[in-house]
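Asker: One letter stands for each residue in the lines below.
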Amino acid sequence: MLLRIKVVLFSLVALLSVGFSQSLMNAFGIGSPASNFDAASMGTSPMSLLPSFQEGVSISNPVTWSQLHYTYLTGTYGGQQSEIQSGLMKNGRTYLQQIQLIIPIKKKYAFGLSIGPNTNRLYSIVGVENLVDDGIYGDSLTVRKSVSGYGGITSLKPSVAFPLTSLESMAITIDYLFGSSRGITSISIDGTNYIQKEQDIYSGTMMKLFFHSKRLKYKDYGMGFYLSLKNALKPLSVNRISHQPFEDNNESGNHDGSYYSDFPDLSLIPDAIQSNSIGEIDPFEIQVGLDVNIRPRLHILSEGSHWYDRGDNGHTVSVLNDKIVSLDQISLGLALFSRRLPRQILNQFHYRGGFFAKQYTLYHKGKRIDEKGFSFGFGVKFGVTDNQIDFGFSISQRDGLDVNGELIQQFSVGISLGDIWFIKRRER
Amino acid sequence: MLPDNIIFKDADLYLKCDTTINSFKVFAYPFKDSISINDIDLFSVEQMDTTALEFIGATSSTVDSLLILNVRDFVNYIYLNQLTHYELQLSSSTGNDPFSTLTFINAGPFKPYIIMRYVATN
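Top to bottom, those sequences are chains A and B.
Just so it is clear: in the first sequence, position 19 is 19 by the working numbering, and no numbers are missing.
Positions in the second sequence are counted from 1; adding 428 to them yields the working numbering.
Please keep in mind that the hints were generated in silico from the structure rather than gathered at the bench.
Take these hints with a grain of salt, some might be off.
Unchecked claim - Quick look at which bits of chain B chain A covers, simulated, 3 or more residues with Cβ under 8 angstroms:
| hint | segment |
| --- | --- |
| 1 | 444–457 |
| 2 | 526–532 |
| 3 | 537–548 |
To be verified - Quick list of in silico lysine to any residue cross-link-like pairs, SDA-like style, CA-CA up to 20 angstroms:
| hint | chain 1 | residue 1 | chain 2 | residue 2 |
| --- | --- | --- | --- | --- |
| 4 | B | Lys444 | A | Ser186 |
| 5 | B | Lys453 | B | His513 |
| 6 | B | Lys539 | A | Tyr137 |
| 7 | B | Lys460 | A | Leu268 |
| 8 | B | Lys460 | A | Tyr137 |
| 9 | A | Lys197 | B | Lys453 |
Said to hold, decoys possible - Listed below are several chain A residues computed to face chain B (Cβ distance under 7 angstroms; list not exhaustive):
| hint | residue |
| --- | --- |
| 10 | Ile184 |
| 11 | Thr185 |
| 12 | Tyr194 |
| 13 | Gln196 |
| 14 | Ile241 |
| 15 | Ser242 |
| 16 | Pro245 |
| 17 | Leu266 |
| 18 | Ile269 |
| 19 | Pro270 |
| 20 | Ala272 |
It should be emphasised that the depicted structure is a prediction, and the values quoted were computed from it without experimental measurement.
Glycine is no exception: its CB is placed at the ideal position from the N, C-alpha and C atoms.
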């Protein structure tokens, strides 16, 4: 039978004008490149390079770990709440930020191993409802598109630190990135949902070099200069598994049911389509920090960083067909550390605070997204092995997205348990 | 060429016909095997392919002398490579008036055609 075929295609991408969103930043590229900070770093602006955990030590900077007196097992738990449009829409979540083992060796070397989420792809974007006229069928359809995703990338990081000279030291971190995320696209047409699901699988290896020098001096102020460079040993690649779309007749959200439920029948669909290397993220990052010891235990901390992605197709991974191509950040903080052997309870505390500004640039739109905020926190030591609990809080406002004035509040709680490893005990 | 990962929302087969009957039913079903057009007897019935669907469409009237059959499922399973043959056989419902005639026209400007709507999520 000879057939003439007329096709009416819904170009629904245009319908994705944002009516409501959750963490829109997480929907760009593979997600927001912001680092996961330990609780002490979050309280100090947040910054990861400069010492904020103890005097001379940053949990997130391995070049400082040799200054620790004990081996530490650290766990950090955090949460984030974002308010859009003056609190009319509020979203929040809590998550494990990292678990880390740090072993200082003879005050010269250090080894560490940490695992934690690297990138978060939790997002939910619901488009506005549109009435679409179809001239060929001669009817009008009520159409709404929504996309959501969850999952992300996990990071496993072994690190080693070693001295270069009596005043300089260096550390190397290898960052193994792996994990997966799920994306769900749902198009509602006249009340019937058409759903497609896909899974992204990530794999990549980064290397980060850390450098610290105590050579700088200004008058009587002790100064520490910190530098880090991050590059890809194996750029992060994304493989995608795309499942067949289905008509969700039983409104379960999943492709299930028998012949009279979801369409097409689950037993009559081909295998999912696997696409390799649909996107590549090839980042480079430079961080520079200065730690000025202005008074005993009191430090001014200043850090700047520039991150950018040299990969050329990372935007195709995103439901928004865009990605964050660069992130610039500056921060200024103040930290008053506890006494080594405190006699008063207030001297057992570390006090931290700071300001920060970030600017993200989008690849396709060239749009700049600004985020400004402040943070504060404290930590308290306890026990003979300098165990420590840290609290960090951060409040910032993000502008420049389709949804302006997004207020972001974050908290982070870290507990670090010390023990004696590789340290010679005194004979009794 | 249709893109990957689409789902058909609608697909209707339009057949031009000539009839004075007001009420009737016509079924269509996919073949299990291909047949030669020259071998078809007037009342021969081929075996149905019930892999994906038993029959397609049931109509009771015509619009502007066009019989419209809903072939959405049929087209979608062809797209998904779940049917081995793409022919359809039409069959009169046993409930129809046996003394009435329905003539399908497949000539000149009155070729059968399909109008489809599909949903692309990308």
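Asker: Each of the hints needs a verdict: does it hold here or not?
Answerer: Structure-based check of all given hints:
1. Counting residues of the segment 444–457 of chain B whose CB lies closer than 8 angstroms to any CB of chain A gives 0, which falls below the minimum of 3, so the coverage claim is violated.
2. With 0 residues having a Cβ less than 8 angstroms from any Cβ of chain A, the segment 526–532 of chain B misses the three-residue criterion, and the hint is violated.
3. Proximity of the segment 537–548 of chain B to chain A, defined as three or more residues with a beta carbon under 8 angstroms from a beta carbon of that chain, is established by the 10 residues found.
4. A C-alpha spacing of about 37 angstroms is found between B:Lys444 and A:Ser186, which places the hinted pair above 20 angstroms, so the restraint is violated.
5. Simply put, B:Lys453 and B:His513 have alpha-carbon atoms about 24 angstroms apart, too far for the 20 angstroms limit, and the pair is violated.
6. Restraint check: the Cα-Cα separation between B:Lys539 and A:Tyr137 comes to about 19 angstroms, which is no more than 20 angstroms; the hinted pair holds.
7. Distance hint between B:Lys460 and A:Leu268 is fulfilled; the C-alpha atoms sit about 16 angstroms from each other, no more than 20 angstroms.
8. For the proposed pair B:Lys460 and A:Tyr137, the alpha carbon gap of about 32 angstroms is over 20 angstroms, so the pair is violated.
9. With a C-alpha separation of about 39 angstroms, the suggested pairing of A:Lys197 with B:Lys453 is violated against the 20 angstroms cut-off.
10. Because the closest C-beta pair between A:Ile184 and chain B is about 10 angstroms apart, greater than 7 angstroms, the hint is violated.
11. Here the hint on A:Thr185 is kept, as its CB sits about 4 angstroms from the closest CB of chain B, short of 7 angstroms.
12. Interface hint at A:Tyr194: satisfied, since its Cβ lies 5 angstroms from the closest Cβ of chain B, which is below the 7 angstroms cut-off.
13. Below 7 angstroms, beta-carbon pairs count as interface contacts, and A:Gln196 has one with chain B at about 4 angstroms; its hint therefore holds.
14. With its C-beta approaching chain B no nearer than about 11 angstroms, A:Ile241 sits outside the 7 angstroms limit, and its interface hint is violated.
15. A least Cβ separation of about 5 angstroms between A:Ser242 and chain B falls short of the 7 angstroms threshold, and the interface hint therefore holds.
16. Interface restraint check: A:Pro245 against chain B, minimum CB-CB distance 4 angstroms, threshold 7 angstroms, status holds.
17. This hint is violated: A:Leu266 has a C-beta 12 angstroms from the nearest C-beta of chain B, more than the 7 angstroms allowed.
18. For A:Ile269, the shortest C-beta to C-beta distance to chain B is roughly 6 angstroms, which falls under 7 angstroms, so the interface hint holds.
19. Because the beta carbon of A:Pro270 sits about 6 angstroms from the nearest beta carbon in chain B, less than 7 angstroms, this interface hint is met.
20. The beta carbon of A:Ala272 comes no nearer than 9 angstroms to any beta carbon in chain B, farther than 7 angstroms, and the hint placing it at the interface is violated.
Checked against the numbered hints above, the structure violates hints 1, 2, 4, 5, 8, 9, 10, 14, 17 and 20; every other hint is satisfied.
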